[in-house]
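Taking the hints into account, I'd like the entire structure generated from these sequences.
There are 4 protein chains.
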Amino acid sequence: MSGFPDRLLAGYDRFMHGRYEEERDRYRDLAEKGQKPQTLIIACCDSRAAPETIFNSGPGELFVIRNVANLVPPYAPDGEFHSTSAALEFAVQSLRVRHIVVMGHGRCGGIAAALDPNAEPLSPGDFIGRWMSLLTPVSSEIQQSTMLTAGERQTALERISIRNSLSNLRTFPCVKILEDKGKLDLHGAWFDISSGELWVMDEATGDFSRPGR
Amino acid sequence: MSGFPDRLLAGYDRFMHGRYEEERDRYRDLAEKGQKPQTLIIACCDSRAAPETIFNSGPGELFVIRNVANLVPPYAPDGEFHSTSAALEFAVQSLRVRHIVVMGHGRCGGIAAALDPNAEPLSPGDFIGRWMSLLTPVSSEIQQSTMLTAGERQTALERISIRNSLSNLRTFPCVKILEDKGKLDLHGAWFDISSGELWVMDEATGDFSRPGR
Amino acid sequence: MSGFPDRLLAGYDRFMHGRYEEERDRYRDLAEKGQKPQTLIIACCDSRAAPETIFNSGPGELFVIRNVANLVPPYAPDGEFHSTSAALEFAVQSLRVRHIVVMGHGRCGGIAAALDPNAEPLSPGDFIGRWMSLLTPVSSEIQQSTMLTAGERQTALERISIRNSLSNLRTFPCVKILEDKGKLDLHGAWFDISSGELWVMDEATGDFSRPGR
Amino acid sequence: MSGFPDRLLAGYDRFMHGRYEEERDRYRDLAEKGQKPQTLIIACCDSRAAPETIFNSGPGELFVIRNVANLVPPYAPDGEFHSTSAALEFAVQSLRVRHIVVMGHGRCGGIAAALDPNAEPLSPGDFIGRWMSLLTPVSSEIQQSTMLTAGERQTALERISIRNSLSNLRTFPCVKILEDKGKLDLHGAWFDISSGELWVMDEATGDFSRPGR
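Residue numbers (numbering that gives the first Met the number 0), protein chains in the order written: chain P, 0 to 212; chain W, 0 to 212; chain X, 0 to 212; chain V, 0 to 212.
Source of the hints: derived by calculation from the structure; they are not laboratory data. Here the structure is a predicted model, which means the values were calculated and not measured. Keep in mind that the hints are not guaranteed to be accurate.
Claimed, not checked - Calculated lysine to any residue pairs in the SDA-like style (CA-CA distance at most 25 Å, straight line):
| id | chain 1 | residue 1 | chain 2 | residue 2 |
| --- | --- | --- | --- | --- |
| 1 | V | K32 | P | T204 |
| 2 | V | K180 | X | R6 |
| 3 | X | K175 | X | A75 |
| 4 | X | K35 | V | K35 |
| 5 | X | K180 | V | E31 |
Unchecked claim - Some but not every residue of chain V turned toward chain X, in silico, with C-beta under 7 Å:
| id | residue |
| --- | --- |
| 6 | R13 |
| 7 | Y26 |
| 8 | K32 |
| 9 | Q34 |
| 10 | C44 |
| 11 | P58 |
| 12 | E60 |
| 13 | S82 |
| 14 | D184 |
Each residue gets a CB set at the ideal place from its N, CA and C atoms; glycine is no exception.
What follows is the structure, encoded as structure tokens:
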């Protein structure tokens, strides 16, 4: 009756007779009372780095923004449409999340594009080029590095970008105020697709390491 | 070493000793060869409607954009930062996805805000208000309806918004051209959080119904 | 009878009644026939990174140079005394080792000194300052980085230094010729004192990763 | 992923699942607080005479210089690169070690070369020849001896060389001053590869004997 992808319908079927059946009450409860997630995660669109999978989280736990390279633009109340800022505002002001996690990952295509000096626009609109140009202020140093390998430049910018997004988050008055009041915590994380390792940012130093190592 | 939320670390631990362990080879392969997802899903940030959960999908399957109310803005090559358009461009032009699914859901807070005539800005920047104003061209009629119940107005706009996003998708030349060539299919879907039901849009009529019913 | 440190005498006693007793024949054999190590390791003097411990190796296996920060100076046949070059020459030309491993490690004091812009000479001779100046050609970029954290600068230079030592090794004709003939392999490795992890350099890319990840 | 020697990887595996596992806390502590070794050992590169093995010492105990024939050159603040002097300076001035041990061993190839009147340069650079010429002032008498056997000449020069290195150590102002203040002790030791015996030098007479015999 519809050209809806079979694979998705099959997956939905597994959900319906699996997880949903087990968590029926939880879903109904969440529908009735509304969501109250503790955490906003800003993650990448990448098909290999879904937050719900990596954190094995259930319905109602994570409010999730996903854009290319998990970027947060700086605060710009200019009356334009700001997808990420709108979702951020909704999570912080309306849902009152307690934590914001910016989660990057290895082999990020957006970061690779930002590092590629010969990157061609993908279309006349060059939306991806414009979007990644949000990193220009922090990417040029690494892009010009002659000492780091290509792989090291990629990882370095992935992490610099997370720190940069965290600083941009703090340019939003609502974030700054709540963080200063101790009502909101900001965190950075980086996921290694190949090894499955999660690296967590130390708030004090900005360094990434594996918890418990 | 960091105040990273325990709940997330515990969930990650379940992932690492569960799904990752089972799918180690798949992750390594995806890391090495890169992602090649068949489907782009544009979904809502809502914590109750994660596409990977609803479609029980594994790593590498879904390229996911998540913004408030799963909106797609119209094509606007104005040199501004466009999060959604950038991710769309990347998925279509670089990853060459075969399907785009716009998935809405019931009890959407963004849609509710768009319908609320007395909605107050959540902050001076009013990012959410601006973002939801993308729906103004199609929401006013429903907002003013005196015949539909509040619940009916909500569901109606959730579905109108999906059809609106699909039309906006077709304003992007790269989408229009590939769809006309039969190389890209567009789909609509709507998830009922309470019942767990997935409603799929009929491409011909725009009606939503449950597959196989 | 002598002020020789008790701790060392006690440790020697454990060796004599432990490992030596088990490997008596091996020691006698090695004494008689001489050493024939397969591997030269150039490691740091650091008390936390002994190659024999990290590689759990026995007598006769590793020919070991240890200097501050495991540096190899470039080939300089100037008639001066060159401790590292002499040992390198002996290992390659006389012992005919099959492998050379340059092994760095985390938290290296020498590397930290090389990165510290305000490092004071430790003595009028400033031997350590001179020695670490071997890295000046490759350290300035990282030292001036404003995007990397202190921890990231340290790790980056530790790895850059390993790659630099490997290039310097190739300035020695005897190394270059044997490597070109396929009779000598050069490798890089980095040891994380805290986690005990060994990171191995990929010869093709220069990137470091954990074997099997 | 890399041609890193299997034998080393296997040994590392034994370390990781053996010693490291037992001493995890010690390694973490040493990483966090830094090293504070009590002893600097100047030993030979020889694969049969690793100090950590002979003294059965653990992480953090021994700061180790290893060069051919465990030589210490005389103090020469000439602005050149001095590997051994730099490490010595670092151990004494920065780490403030309490003991310096010069440890020689039997069947030392470097000493043998220094005694061989027909020794050929191993390469045009003749680095080993230059390095061993540090012994010329003390080796010629033994080299020309007609009364000692070849074996006696070898052992004699091995021990003379240790005493010579100890005198050279005292030409370094930082060593001399701290020794005079009673804050630093110098020791000589000689290891017999065949019998596994450790011979310790009597500070007063310069004689070597086995402790407790």
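Holds or violated: X:K180 with V:E31, Cα cutoff 25 Å? violated, 44 Å
Checking one constraint from the list: CA of X:K175 to CA of X:A75, max 25 Å. Satisfied? holds, 15 Å
Cut-off 7 Å, beta-carbon criterion: hint that V:P58 touches chain X: At 5 Å from the nearest chain X Cβ, V:P58 passes the 7 Å test, so the hint holds.
Given the hinted pair X:K35 and V:K35, is their alpha-carbon gap at most 25 Å? violated, 34 Å
Was the hint right that V:E60 lines chain X, CB cutoff 7 Å? holds, 6 Å
Are V:Y26 and chain X close enough, Cβ to Cβ, to be under 7 Å, as the hint says? Where the cut-off is 7 Å and the nearest Cβ of chain X is about 6 Å from V:Y26, the hint holds.
When the least beta-carbon distance from V:K32 to chain X is tested against 7 Å, hint result: violated, 10 Å
Interface hint outcome for V:D184 [beta carbon to chain X under 7 Å]: holds, 6 Å
Given V:S82 as an interface hint, is the shortest Cβ-Cβ distance to chain X below 7 Å? holds, 4 Å
Per-residue hint verdict: V:C44, partner chain X, C-beta under 7 Å: holds, 5 Å
Closest C-beta approach of V:Q34 to chain X relative to 7 Å, hint status: holds, 5 Å
When the least beta-carbon distance from V:R13 to chain X is tested against 7 Å, hint result: Constraint on V:R13 satisfied, holds at 4 Å.
When the structure is compared with the earlier hints, violations turn up for hints 4, 5 and 8 and for no others.
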